[in-house]
Amino acid sequence: MKSTISFAFIFLFCAILVFAQDQPLTNPVGLKKIPSVELKTLDNKTFNTADISNNGKPIIISFWATWCKPCVNELTTIADVYEDWQAETGVKLIAVSIDDSKTSRNVSPYVNGKNWDYEVYLDVNSDFKRGMNVNLIPHTFVLNGNNEIVWQHTSFSQGSELELINIVRKVAKGESLDAE
Amino acid sequence: MRYKYAFVIVVIIFCFFSNSPARAQGVEKFLKNSQISGNFQFDGMYYNKDSMIGAPDVPQKVLMNAFANINYTNGPFSAGFRFENYLYPLQGYDARYKGIGIPYRFVSFEKDKFTITVGNSYDQFGSGLVYRTWQDPSLGLDNSLDGLNVKVNPWKGITLKGIWGKQRFYFDWGPGIVRGADAEFSINDIFTKLNDKALRVSIGGSFVSKYQEVDDPIFKLPKNVAAYGGRASVSYKNFLFNGEYAHKINDPSTINNRIYKPGNATLIQLTYAKKGMGFYLAAIRTDNMSFKSDLNAEGNDLNINYIPSLAKQTTYSLPAIYTYGTQPNGEFGMQAQGIYTFKKKSKLGGKYGTNLSLTYSRYNAIDKKQIDENTPIDSTGTLGYKSDFFKIGKNAYYENFNFEFSKKFSKTFKLIVDYFYIQYNAAVIEGHAMPNIHSHTVVVDMTFNINDKNSIRSELQHMYTKQGEGSWAFALVEYTIAPKWFFSVSDMYNYGNDISEKRLHYYSVATAFAIGSTRIALNYGRQRAGILCVGGVCRYVPAANGLSLSISTSF
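Order-wise, the sequence lines are chains A and B. Take the position in the first sequence, starting the count at 1, then add 17; the result is the number in this note's numbering. Take the position in the second sequence, starting the count at 1, then add 3; the result is the number in this note's numbering.
Because the hints were derived from the structure by calculation, they are not lab data. Bear in mind the structure is a predicted one, so any value in this text is a computation, not a measurement. The beta carbon of each residue, even a glycine, is placed where N, CA and C say it ideally should be. Don't take every hint at face value.
[Unchecked claim] SDA-like mimics (lysine to any residue), calculated; alpha carbons at most 20 Å apart, straight line:
hint, chain 1, residue 1, chain 2, residue 2
1, B, K346, A, D134
2, A, K57, B, K397
3, B, K456, B, S491
4, A, K62, B, K346
5, B, K278, A, T83
6, B, K159, A, N65
7, A, K57, B, K32
8, A, K62, B, K116
9, A, K146, B, W137
10, B, K32, B, T76
11, A, K50, B, K240
12, B, K116, A, S53
13, B, K397, B, I374
14, A, K57, B, V204
[Said to hold, decoys possible] According to the in silico footprint, chain A covers these stretches of chain B (three or more CB under 8 Å from chain A):
hint, segment
15, 307–315
16, 340–349
17, 431–437
Assemble the whole structure, with the sequences as input and the hints as a guide.
Here it is, written out as C-alpha cells:
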C-alpha cells in the first residue's frame, strides 16, 4: 500500500503550505461549521445536516445509541429539565442515534417510549459521526446561532448537564467561552 | 512510479501559485472556507501474567492500538486520511493488524447533483443485506471499499449509488473486486401531490457482484458471484413497516463448507410509536447468506454484506457474558419489544414518571433437510441441503427475556431494576462442546446525587445458572465529580463455579479525566471479554490482567 503513503504525503504537503501562511486557518473566529451529511428521520425521510437550524438560538447535538447506558442516562436526565432549558435559552437538542441496522428501527419506539421531546435523527452507517470526529459516545456538541461548534464534551456523569446548560446560557447571551 | 512524482510537483506548484499576491483575494476566500478537523485515539496496556483467568503470556509486555483521522473540507470538496499504528495490537485484536500505515484515505467532491468519492468509502444499501462497508475500531473491524463511490440525486426523492473497488484487508486489499449499484425511490418526494400524505412509501433495489480469480483442482468455482435485493418501507401515522429481501447466487466458500446452494435473507420490521409508548416487532431469516470478497476468508474478514442481529444487546456485565453471535450459514430470529412511560404526576408515574420496558428475542436454526438419502447435510461440492422457508429449525440458538423498570424517585435518587432470562446455545455460538446455558440475572442500578457535582452510582448484579461457569455476583461503585473526574471500583465473582480453583474474582479499579473532547482513562485489574461500559463510555475489552491507558480526543 505504498501509493497510499505517497497520496497522504501530497495531501500533508499541501496542507502544510496552506498552514505556512499567516492567514487565519478557518473563519476569523476559528470556529468550525458542521459538515453536510445525509441522515434519516424517524419516519424514514432524508434530512441533510446542513439544514440543522434553531433560528439563531443555540443547539445541542448529542451522539447516542439505544445500547449505550451512559448516553441514555444523559438524555433521560436532560429530559427532566428540557422544558425549563428551552423556556430559558431557546435551546434545541438534536439526538443523533448511531444505532446501525440491527437496532435503528427500534429508535423511534424507544424515544417515544421514553417520552423524550428531542429532534432525533438516524446516522445508520456513522457518516455524521465520522464527519464530526466522534470517537466515543456519548459525545455532546454545542452550536451557536451560526451553526458553529463552540464547545464539545465526551462522556456523561450526573451533574455534567449543569455544565452543559451553563455553556448554553452563555452562548444564548452571546458571551465568550474563553474561561472554559 | 514516475507519474506520481510528477503529480506531486504539479500539486506543489499549484499550492505555491495560489500564494501569489495577484490571487490574494481568492486565497483569502479559499482559506476562510478551509477547515481542518480530526481525532486521535490511543489504547495501551501493560499485561501481567495471569494463568488463573487464562490470560495469555504477552512477550512484548505492552501492546497498543492508535489511530488519528485528519480531515480537510472546503465547501463541496473534502479529503482525509487515517493513520493507524499497532505495535503490536492489543490482545483480542487480530494479529494481522501489526504494523503502521495509512489504510484509509479519500478525496470527495459534490458537483451539481453528484457526490464523487475516490479512495476509501463507507456506505450501505438498505439495511446492508447485500452491501455494507463500515468501521468500528473497538471491534477491530474495517471493511472499507477502496475505489469509486458515486452518488447522484437526479430528481427529488431519487437516489442512485454506484460502487467499484477492493476491500481493505488489514494493511492490504482483499483479492476480490466488488461492484454494485443501488437505487432508492421515495414516492412521496417524487410526486408533489403526495408530499403531505399520511401514507409514505419508499422502495429500493440493489445489485452487487464480486469477481475473484480462483483456480481449484477439484471444484469448478464461480469467479463472479452476484447478490441482489429489494426493499420497501411504508409508514402510516404511528406505524412503520420495513421489509427487505436479498438473494445470492451459488458461492461455495470456506464459511459454508463449499456448498453450491444459493443464499437468501429476509428481514421484516414493524413499529408503532406514540408519545409515551413504543412497540417493535421484527423477524429475520437468513439462509447461507455469508457474502465475502474472498471465498477463502473466515470470521469477520472481507464481509461485503451485513446481517443485523435482533438479539437484545445489554451493557450490564453479567448478562453480557452470554451475548448472541450471528450465525452466517443460517438462522431464524425474532424480537418483540414494548416500552411505556407512566406520565409524571399520574398514580404510577409519581413526581417524575416511571418507565417500563419488556423485550423478548429468540434465535433458532433454519430447517435443513438432506438433498437426497445418500448425501449428508452440508456435504462439500453438493447443493448442501433443502430448506423449507416457513419452517423454523428445532435447534434453539438463543433466547432472551428482559424486563426493565426505571424511575427517578427524587432529586437525589434514581433506580433501574432489570431482570434477564437468557438461554444460550454455547455449542453453536462458541463452537465448542458445552451444555446449553439457562441463566437468570437481576441487576439493581442506583444513582445517588450528593450535590450538583458529586454523585455515587452503584450496580449490584447476580446471575444464577447451573451450567457453564456457574453463578456470578457483581458489584460496582462509581464516584463522579462532574464533569471532569470519575473513579470506580468493581468486582465480578464467579462464586458458583463447579471447580473450586476457578471461583475467581475479576476486580478492577479505574479512573478517568474528561475535559472538552479529551478523555484520559486508567484502569487496573482483571477483565473478561465483552462490552464494557465504565466512566460514561462503552467499548469492547478482551480478557486480560494489567494496567491500561486510553486517550481519546478530537479537534
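Hints, verified against the model:
Distance restraint check for K346 (chain B) and D134 (chain A): the Cα-Cα separation of roughly 14 Å lies within the 20 Å cut-off, and the hinted pair is therefore satisfied. Note on K57 (chain A) and K397 (chain B): the hinted pairing is violated, with a Cα-Cα distance of about 38 Å set against a maximum of 20 Å. About 16 Å separates the Cα atoms of K456 (chain B) and S491 (chain B), which keeps this hinted pair within 20 Å; it holds. Between K62 (chain A) and K346 (chain B), the direct Cα distance comes to roughly 29 Å. Violation of the 20 Å bound is thereby established for this hinted pair.
Using a Cα cut-off of 20 Å, the hinted pair K278 (chain B) and T83 (chain A) holds, with the two alpha carbons roughly 17 Å apart. Among the hinted pairs, K159 (chain B) with N65 (chain A) is consistent with the structure: their alpha-carbon atoms are about 13 Å apart, no more than 20 Å. Taking the CA atoms of K57 (chain A) and K32 (chain B), the gap is about 32 Å. The hint is violated against a cut of 20 Å. A hinted pair counts as satisfied when its Cα atoms are at most 20 Å apart, and K62 (chain A) with K116 (chain B) qualifies at roughly 18 Å.
Note on K146 (chain A) and W137 (chain B): the hinted pairing holds, with a Cα-Cα distance of about 12 Å set against a maximum of 20 Å. Our distance criterion of 20 Å between C-alpha atoms is met by K32 (chain B) and T76 (chain B), whose separation comes to about 13 Å. Under the criterion of a C-alpha separation no larger than 20 Å, the hint pairing K50 (chain A) with K240 (chain B) is inconsistent with the structure, at around 35 Å. For the proposed pair K116 (chain B) and S53 (chain A), the alpha carbon gap of about 14 Å is at most 20 Å, so the pair holds.
Between the alpha carbons of K397 (chain B) and I374 (chain B) the distance comes to roughly 18 Å, so the proposed pair stays at or under 20 Å and holds. As the CA atoms of K57 (chain A) and V204 (chain B) are separated by approximately 14 Å, the hinted pair is consistent with the 20 Å bound. Only when three residues or more bring their CB closer than 8 Å to a CB of chain A does the claim for the segment 307–315 of chain B stand; here the count is 4, and the claim holds. Given a C-beta distance limit of less than 8 Å, the hint that chain A covers the segment 340–349 of chain B holds, as 6 residues qualify and 3 suffice.
For the segment 431–437 of chain B, the stated coverage by chain A is violated: 0 residues have a C-beta nearer than 8 Å to a C-beta of that chain, whereas at least 3 were required.
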